[in-house]
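Student: Got chain A; can you put chains B, C and D on it based on the hints?
Number of protein chains: 4
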Amino acid sequence: MSQIELPVVDRPGPPGRDGADRFHEECGVVGIWNHPEAARLAYLGLYALQHRGQEAAGIVATTPDRGGLVGVNGPGHVADVFDVEKLDALAGCAAIGHTRYSTAGDSSPKNIQPIQIECKFGHIAVCHNGNLVNAHILRHMLVQRGSIFRTTSDTEVLVHLFAKSGQTEELEAVAEAVRQAEGAFSLLFLTEDALYAVRDPRGFRPLLLGRAGDGYVVCSETCALDLLDGEYIRDIEAGELIRIDGDGVHSLKVFDEAPVSQCIFEHVYFARPDSRVFGRDVYKTRIKLGESLAKHTGVDADVVVPVPDSGLIAAIGYAQATGIPLEMGLIRNHYVGRTFIEPRQSIRNFGVRVKLNPVHAVLRGRRVILIDDSIVRGTTSRKLVQMARNAGATEVHFRVSSPPTTGPCHYGIDTPLRSELIAAQQSVEEIRQYLNADSLAYLPLESLQDSVEEERDRYCTACFSGNYPLAVPEPDHARSLFGKERH
Amino acid sequence: MSQIELPVVDRPGPPGRDGADRFHEECGVVGIWNHPEAARLAYLGLYALQHRGQEAAGIVATTPDRGGLVGVNGPGHVADVFDVEKLDALAGCAAIGHTRYSTAGDSSPKNIQPIQIECKFGHIAVCHNGNLVNAHILRHMLVQRGSIFRTTSDTEVLVHLFAKSGQTEELEAVAEAVRQAEGAFSLLFLTEDALYAVRDPRGFRPLLLGRAGDGYVVCSETCALDLLDGEYIRDIEAGELIRIDGDGVHSLKVFDEAPVSQCIFEHVYFARPDSRVFGRDVYKTRIKLGESLAKHTGVDADVVVPVPDSGLIAAIGYAQATGIPLEMGLIRNHYVGRTFIEPRQSIRNFGVRVKLNPVHAVLRGRRVILIDDSIVRGTTSRKLVQMARNAGATEVHFRVSSPPTTGPCHYGIDTPLRSELIAAQQSVEEIRQYLNADSLAYLPLESLQDSVEEERDRYCTACFSGNYPLAVPEPDHARSLFGKERH
Amino acid sequence: MSQIELPVVDRPGPPGRDGADRFHEECGVVGIWNHPEAARLAYLGLYALQHRGQEAAGIVATTPDRGGLVGVNGPGHVADVFDVEKLDALAGCAAIGHTRYSTAGDSSPKNIQPIQIECKFGHIAVCHNGNLVNAHILRHMLVQRGSIFRTTSDTEVLVHLFAKSGQTEELEAVAEAVRQAEGAFSLLFLTEDALYAVRDPRGFRPLLLGRAGDGYVVCSETCALDLLDGEYIRDIEAGELIRIDGDGVHSLKVFDEAPVSQCIFEHVYFARPDSRVFGRDVYKTRIKLGESLAKHTGVDADVVVPVPDSGLIAAIGYAQATGIPLEMGLIRNHYVGRTFIEPRQSIRNFGVRVKLNPVHAVLRGRRVILIDDSIVRGTTSRKLVQMARNAGATEVHFRVSSPPTTGPCHYGIDTPLRSELIAAQQSVEEIRQYLNADSLAYLPLESLQDSVEEERDRYCTACFSGNYPLAVPEPDHARSLFGKERH
Amino acid sequence: MSQIELPVVDRPGPPGRDGADRFHEECGVVGIWNHPEAARLAYLGLYALQHRGQEAAGIVATTPDRGGLVGVNGPGHVADVFDVEKLDALAGCAAIGHTRYSTAGDSSPKNIQPIQIECKFGHIAVCHNGNLVNAHILRHMLVQRGSIFRTTSDTEVLVHLFAKSGQTEELEAVAEAVRQAEGAFSLLFLTEDALYAVRDPRGFRPLLLGRAGDGYVVCSETCALDLLDGEYIRDIEAGELIRIDGDGVHSLKVFDEAPVSQCIFEHVYFARPDSRVFGRDVYKTRIKLGESLAKHTGVDADVVVPVPDSGLIAAIGYAQATGIPLEMGLIRNHYVGRTFIEPRQSIRNFGVRVKLNPVHAVLRGRRVILIDDSIVRGTTSRKLVQMARNAGATEVHFRVSSPPTTGPCHYGIDTPLRSELIAAQQSVEEIRQYLNADSLAYLPLESLQDSVEEERDRYCTACFSGNYPLAVPEPDHARSLFGKERH
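Taken in order, these protein sequences are the chains called A, B, C and D.
Going by numbering that gives the first Met the number 0, the first sequence opens with residue 0, and the numbers climb by one from there.
Going by numbering that gives the first Met the number 0, the second sequence opens with residue 0, and the numbers climb by one from there.
Going by numbering that gives the first Met the number 0, the third sequence opens with residue 0, and the numbers climb by one from there.
Going by numbering that gives the first Met the number 0, the fourth sequence opens with residue 0, and the numbers climb by one from there.
Hints in this document: simulated from the structure, not taken from any laboratory.
Not one of these hints is a red herring.
For chains that are exact copies, the list does not tell them apart, and a pair is met inside one copy or across any two.
Pairs of lysine to aspartate or glutamate residues, derived as EDC-like cross-links and limited to a Cα-Cα distance of at most 20 Å, are as follows:
1. Lys-354 <-> Asp-228
2. Lys-354 <-> Asp-308
3. Lys-85 <-> Glu-341
4. Lys-294 <-> Glu-445
5. Lys-382 <-> Asp-228
6. Lys-354 <-> Glu-341
7. Lys-283 <-> Asp-301
8. Lys-283 <-> Glu-454
9. Lys-354 <-> Asp-82
The structure presented is a predicted model; accordingly, all values stated were derived computationally and were not measured.
This is chain A alone, in the form it adopts within the complex (with noise of 0.2 Å):
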């Protein structure tokens, strides 16, 4: 199985995330094992994930007289999912938590999670933050086997092999299910018994354990634990698999030993700066990154721009490192909603409009440095650059605290197509033209990868280096089958 790319998801396409609910399950879960109140504090934790997917949540509890298992999940924000009385129908000492991203055009409620079935092992619940790599392959396996599928979800493949393992015992059957998957995935796993937590052999996206008064709790992120004021014990290891049960916690390596990669873009943009995750504060991380970009881009100007709120950090960083101050001249709306309602008659660049504003009292006679996270299409990074130049901005200078994106993410986060992807289509001056500053500039790869120190070869950078660590089967016949099924 040769080194490549996935065709079908990088091939021109209409915009959006075309295929996206297939490959990627862009997410956070959270799970707690033992404590009285085990489905509110998953919703707590949830509600601090709830940066990792706003389309749908959902948490599976255990029932207080161990009669199976009861689920409650929506569409929207945790918040909108979830009531008291919901809650309280959630009634057992250990649950388990899933936060969904928001994927345009597929609004199916059928991939909620937490997945939640009965087997020949009794009722189990299963919630996935990555992606399979193989999970085309498997599906197909499993179809062509007699299963039937009802979502279009990975994470309902590793349902299926663990329903379908020779083994008799359960845990075996969870390890035999996630030794067949290949990708990206912290995986939990809710039974009757027992509460489950995986981490792929690389790594690829965060799971750590924690405590919680009596009980445990395993979560993406450490501002989940925060929230529910609870200690955090350790990451889970890659290619680790946890038990934990009425008798503690039990550590097994049920994986070939694998480099580890883990995702570096978590550090860059997607995981909170007050959490900590891969054994790392994200905060300071940022700050670096600032820093390096500040050292390797300077600019004359007189005032550092951060793009809120992805830019903030690391414009903290890059202005103190060059002592040009940091001043608010883009400020956020609060209250954007997602449905809003444009005027039928067009104003100029509504949609960033509605987001951000610009500070003329910032802005205006001013040098300015707009400081973001990425640079993904380019067409908002374009209509803020011509925002700050409307403000009065004498000129606009832009940095990027990553390099270009210039590849689509296989392992869980959920990139558009390569296609889509400016930096892969185009040179940073020919970017800069189409943005319209005055300079433009990238952190170097290095750089990023300075950033993580000593762990620089433990961390996956495939959409900025084109360096894959695992690759993505080709699909044959597999998609002849599932093709068609792209809403």
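Tutor: Chains B, C and D in isolation, oriented as in the chain A frame:
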């Protein structure tokens, strides 16, 4: 396998429909093939079949570009589940729909039909009216072989049998699946290429074929066809499998021959009086039941009063046969909703009172014959007798247009446990005393059978006669696995 | 002021109820005094009166600590407007409630009653069944004196008259306000200290006094009292004002004597058949109407078929008088909702079809007498005749249990414009031709009046006879001010 | 009338905003004249002004056929209240809109603005930002003269004054009404013929005039204008009444001259930092406040940490002035909803924790300066100090970019009672001890005034200085009438 009753259903239990969800799927189904407004016609059909189930409704349709199947479903009445936008999203020219009975205490959205999955044969949706007596055995077998279940419904069993079929042709796989099922089933399967309709070899539940425009309709009762301005062609025969595709209607006999056992309770109560089912006018049957009742249970009285609306047609027959005038001595409140708020401080017989109100002008000083179609637990009937007395009736004679209901239905009607059926526990005289009626009489079983004339042997009367045409297999160890999941 | 008809109401206009909102307030009212669950009883009363109005409902109650009045209201059915939480918030021991008819095209929440305000007499809530014929004059006068109006309802006029009264006592102010009103009004006023009930001097609309527990009930029909398990005391008399307070019930005559003109249409159609209104059983009156209809319009036929549900009771009377058997040849769909989605491609007579379905077994080959309570525009009746013919009826004779409706009601029933009343425009023979009936006959006016026996002079028959007991004053310049606000 | 404080507002009371509903109308307003999408522009304006009130929103528009005014309003955020259908129903070319602050415990829909009525001048809608100090007196006077009140808002008082005016011209009536009002008011009146905008003679609250397309915009802050891509023309002057009609903009001076008293708290906290209010950049003022704070309250520390988002701009100024680096040591959860469900079992400082999370990497082992714009009750500030300490801060110095808040606002900002203002009850040292901060310092009043430079005399600083520019009249007997209606 001896002809026994299923202990799990008939054991003493908490009030409500114990296990109803697993074993009973009372409902209405409709399928449309080759009509530009297939989903709207399915919607209309469900609207007309709303009396067969008010808990939930769903429609799955093909897509104009043959890109799989799309579905909409939700809890509540048909009119609440769908709106113009949702119907417009179901744009293909074939569709199937399902409306489901409200079973107390289980509002799980998971069980909403049609079930829609992807398997090796592609996309398929299935809906079902009936009850498989061997569902638990099939389910146990499937689970042991690694199948996963997301619902507790019989229908999912059929879906797995289909997906696991060793056949290579879709039609063969449908036939193989349904051949393994035992019990009552009127089934619809929709794929991208065909609509299948199946009736079990005993034909417990109705299903008929009609025409609308250039297309075909399959539905439970003719009232659905009437609303669509469709034309009745013929009943799907007991044991018949039809496939409707681009080449028209194909009929297959896929089951071994078996005696036909159509549900007589459809005529007594369940079907709409303006429908034909099993090739017979429901209205006429009910009039005949009333006439027979008069003949066998005559009593001197001043007025015949139906319990609206279920007793109305039989009461008309009764009144005509006796010459005693029919009067509407009980008036139904047409606006009764399901979420009625009771006063905290008790009002006598409130539950009945909110639905029915006596007409003093009819009842005062009169000897009254109350007519209803059946007595289940007896609690409501008792309150109606009291209501009539309070309104001034000098005598209250209760007449029932069917025999005593002594056993549960295992073939798709959601009757309560035997322990809750008053006629299974008490003699007619004891029931009379409980009702506090001056007299009580039921229609003799013989007369009930006479009402369907020369077809009397083609009807199941098990709930009245105890004569179950199809045994319910002992669940054995299957129970230990699934018994715990009752909510 | 001469006895003329109001041109503004009767002019040709767009379909729908022109100006209905201003001039018509068809509805049901209920008031509770001194009951620990006053609001819940008001809710039950509205539930029983739901047939008098389904557009909106509201309840205003006192507070336990005498801190003003609190109200809940909303669009839709009573069961949709209230939930346990909302009812529990209405915690005082007195309450009034109102349910309102749906007038096409005006769903303005502003007009929802009871109206609740604060004025110099403190807090007051008012609700109203009826129609003031001088509302526009009073409104014009009030507006000129600086009053502001937030609704288009007559009720707000009464509220202003009360608030502007020069009287110092609340009771006197109520009396002064209602004395200025002309027309039809059954009114309830709730203050923190008393519940007032008023019926206009002609007593157009019903209102009666009852008892529930230690408290009092005032409501439109006895069916509300029945549901509460209350006891009927007596009708509020025409022209009577009662005040119920801590000292009991006080009765005043505050109007000049006037001939009583009770609405005979309450007996024909509007009231529930299980109610008594104006001291007379509605059911009995309807039976008599059917009997008279038989006597005056006899025709040889095979079967009497009511248009459900409005024609049912008269059809029973008709059948009994003629000996022709009654059969339910048209079946009503009890699940018809208001937001039904029609197919895009037309289905013949869809609007009627979705509500009523013919029973072929009854109609096929039969000479049919269709019985309805009245014919308004004739469009539905025409479709029913066609439906019967399509179902195989060999003859269709249409009989109406009231005289031709030739004029609009100005006293609280929401009839259409004269121009839309088929009997105001066409002869009986012309209507017969339009309906395509084999014969058509109405109940003679004389017979209608006979149905209320010795009280025939105490009833208004204006919509049938053109004999308007109370003139509608010419609106003059008032029209120029308000004419424009029709939606 | 002596300069006293209103006891009813400042008495000790239950937590929450006692009487807030009557006396305070904190909100944002927008008016559009002569634009084909007037209601959509009003919607956008409210969207941009959402920070001025999230409890409820409403828009009233003219109709294309000059048939009165139509309105839509409801509880919640602007994006929740409106949808495309509702906006499309507001089809005229003029509109006014209002967004309202959430006052705890009063979600009465009655108080939603704009108020829309009909009176002798025709249809009129009014909305209001501010607070009338003589509202209770005017209301008492009006009630005695027979006016009715449906709300507890000041705005209804203005509506009555207008409707009762003896003037014959609309403009004169508006002028007469507002001349009777005392206090803070930025008002919009919409009639079918004109849009009026008024600012009270002291100009407490902002209001400005702009242009969008061929039409005019009036709104609270320039950020609304920015979103519409509109052009700022000028502020409405204190004491100015403008009428915008088919002939353009007409300006009148209708009040006696008075010293201008613009609200300095708009600059400190209330207005958006990207707005200009009172002709001055809010951003610049806040930077200045931070710089002054640094100058006056300098302390040796390692890091400046803003309390997001209110303290951010001042913190930037502070950091720049001191050279101490700014870091985001507290991260705000952007997804906090209003209906958050707390765990039953208490989590320490949960209410703060769910909104803000500390960044250990910033705070650990550091001497921290926390910057916020003001301290109201002190409870949140205390928790933040504790949160910083728990995260490892070695010292926590609290700095406030305004003086101690010692008095309530009577001019439209919804501050709590004096008894709840910690700075009204305790010395700075006592507050420091309560906060458990190593040091606490406020900005001196003098410096606050310096921040608006030469216009320092044109600002109200009453909540900081106790120097109330306008007395609140003693309510006298008015209280006895209305005091009871507090919810």
